[in-house]
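Colleague: Each chain, written out:
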Amino acid sequence: MKFLPLILANLSRKKLRTTLTIGSFAVALFLFGFLAVIHGAFNGGVDLAGIDRLMVINKVSIIQTLPRSYGDQILRIPGVKYVAIQNWFGGIYQDPKNFFPSFAIDPVTQHEVFPEFAVPDEQWNAFLADREGAIVGARTAKRFGWKVGDRVPLKAPIYGTGTWEFNIRGIYNDPREGADLTQFWLRYDYLDERRTVGKGDVGWYAVKLDSPDDAVRVVRTIDEGFANSPYETKTETMQAMAASWVKQAGNIEFLILAIGGVVFFTLLLVTGNTMALAVRERMGELAVMKAVGFSDRFVLFIVLAESVLIAVVGGAIGLGFSKLFTLSGDPTGGVLQSFFLPGSAILLGMFAAFAVGILAGILPASSAMRLRVVDALRRI
Amino acid sequence: MAIPIVYNLRSMRARWVSAIVAVLGIAGTVGVFLAMLSLARGFRATLVNSGSPENALIRRAGASSELDGSIGLDQVKVIQDAPGIAREDGRPLISPEVVVIAAFPLIATGTDANVQVRGVSLETLKVRPNIRIIQGRFFQPGLTELIIGKNVASTYSGLEMGKPAKFGGGTWNVVGVFDAGGSAFDSEIWADSRVVNQVYKRPDELFQSATVRLTSPAAYNQLKDSLSTDPRLTVEMDREVEYYARQSQVLTTLITVLGTLVAVIMGIGAVIGALNTMYSAVAERSREIATMRAIGFAGSSIAISFVFEAVLIALIGGIVGCIFVLPLNGITTGTMNMQTFSHLAFAFKVTPPLLAIGIVFALLMGIVGGVPPAVRAARRPIAVALREL
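Residue numbers (this note's numbering), protein chains in the order written: chain A, 1 to 380; chain B, 381 to 769.
Simulated from the structure, these hints should not be mistaken for laboratory data.
Given the structure is predicted, the values throughout are model-derived calculations rather than measurements.
Be aware that one or more of the hints could be misleading.
To give an idea of the chain A side of the interface with chain B (calculated C-beta under 8 Å), a few residues [said to hold, decoys possible]: (1) Val27; (2) Ile63; (3) Pro67; (4) Ile158.
Every residue, glycine too, gets a C-beta built ideally from N, C-alpha and C.
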């Protein structure tokens, strides 16, 4: 590390150029962080969905319902621990643009199947005691400024023109990064009592298994059990279900990879070019260093270190800014399920910056290494 | 006196590595920016093309999309006698429709996607004259026959012309393929609305929306007034074009906002790259510049010459970026329409105005990246620069 001052001195001799190169790294890594956030917003649900839970939907499509009686039949299948019922509500607050997922749930079974959505006990008990009660995710509550005790009017176009009023009884939270904190839950018994169509039907069942290893067998048992009935089912793990929704949204993975590839390739060219310029300007100096006894490998190291230092400093600035950006809040106003920069993306970004630094420095550095002292000194 | 352009061309050739780096930086930025915009435009065009200004879509008041709506046969009977609806041979051109979805595996990924299934009336082709059967024939009323949009067969497995298809608890025969001119209908399956209701165990004679052909686009207000004052009806009406434009809004906004953000960030990066290239050019050529000043070129002509060089690099970059994007035109991709939960195929749309936007964006980057180095070049004291080397 005793050569650090030399590297810094080299870098500070063309301050403007160094700043600009660090700047391009910062911009590229900021963009990398931004893309990672978008990727997380679309795929976050897949990683957290869990493989020990199944979703049983009508085979025709998710908008077709299933009979209420299926719940008990599914519960009797060995390997099934709990069964929760859910029914899409499609609630709209003020304007259809303010989308958030809302569904009717059974308060007792919801808690057993989705223990990760934490609600304080007294709030949960208040929800159990109030037919018009509702539990809402922390993100959605924050988005509309709802607090426990508020009375909230929603429209539900599926169930006619009337307005439904709910008392917010609790706010759920999930400490895991990227968790879906946008859902709105109302009570199934309240929905079923008030609706005029589809009474007694359930949108889908969420099934919690004793062990994820059992998933394949239980899936088959459920689907075979209801085959050839008027309501055939399709059962999948929640993870597979979440993944297929993401795939329907389009090839986001490819889009992000394509943009990222273009940016990093350009970055490589820019930095490589800058380093080549720096080495060309310093031919004489490098030759002098070699002439006074520094080894070839040392010259290689000093040039590489310079380009890596630029890369790492620029990368850290860029990723730092993108972290700050995510902390400042979601620019789409809560439409995305989650908005955060995972630690793994920061690590990957730093690694990518480091790699580009090495790659960009390797050509100029090796030409510096191979430099023949006599030639270089004669040129001056 | 102006410095000849050939000076810039020669100096670019002398520093071709830096020049190519700057060109590629700008080309990449322009390419990504245009690709995102063409995606948003293609999606919007697909939905907007689905509507016709001469059609109106009627659904129950309060329903935000066709999926939420419900209109009974009694209401349809009232609607079809309203003024402003076109008639042929005395029959009103109205298509009461049922919209449901069915899950089919995507060929591209093998995972299930939702296909929109539309139960239509026999008048539907007269209501939408821009839709043509290009293969096979129209379905026969009362039978489990269906016709598919031209994008369906290539997007999903299990739906092929002339073959049976199983979904919704019934076995259907695919008897025809229709071309809806690149609109959202091209991703749909059509069948007799009464059969769809039966197979999907929905109540008979209950529809979700009704599409009517107007006698002229101007008849819209007349029909709207008549429907909204009729006490027997609780319906809402939109021009078909507006209904579909609204459906495209959320996703178009999302793509445009995210795409612009990405392009702005990349643009900053490209400007930094251009600045770097031009500053190095100025530094490398300080003796040349000083010599030119010494033999009488004014500082301003030097500055103009450098800005010109930067703009030239940017222009080449912009053109290269446009060339990268051109092959995307017409490539079909798919996404989920969040309003109907169904999968929708659409094509990238690269249009001349879009390319012009890309070139302007590139020139802007060239100017921002070229002016500061040019100013520095013009301001360098001649004597110092000449003595330095």
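Colleague: Valine 27 of chain A was flagged as interface toward chain B. Is the shortest Cβ-Cβ separation under 8 Å?
Modeller: 4 Å, holds
Colleague: Would you settle whether the hint for isoleucine 158 of chain A is holds or violated, based on the nearest Cβ-Cβ distance to chain B being less than 8 Å?
Modeller: 5 Å, holds
Colleague: Can you verify the interface hint for isoleucine 63 of chain A: is its Cβ closer than 8 Å to any Cβ in chain B?
Modeller: 6 Å, holds
Colleague: So, proline 67 of chain A near chain B? Judge it on the closest CB pair being under 8 Å.
Modeller: It is violated, given that the least Cβ distance between proline 67 of chain A and chain B is near 11 Å, above 8 Å.
Of the numbered hints given earlier, the model fails hint 3 alone.
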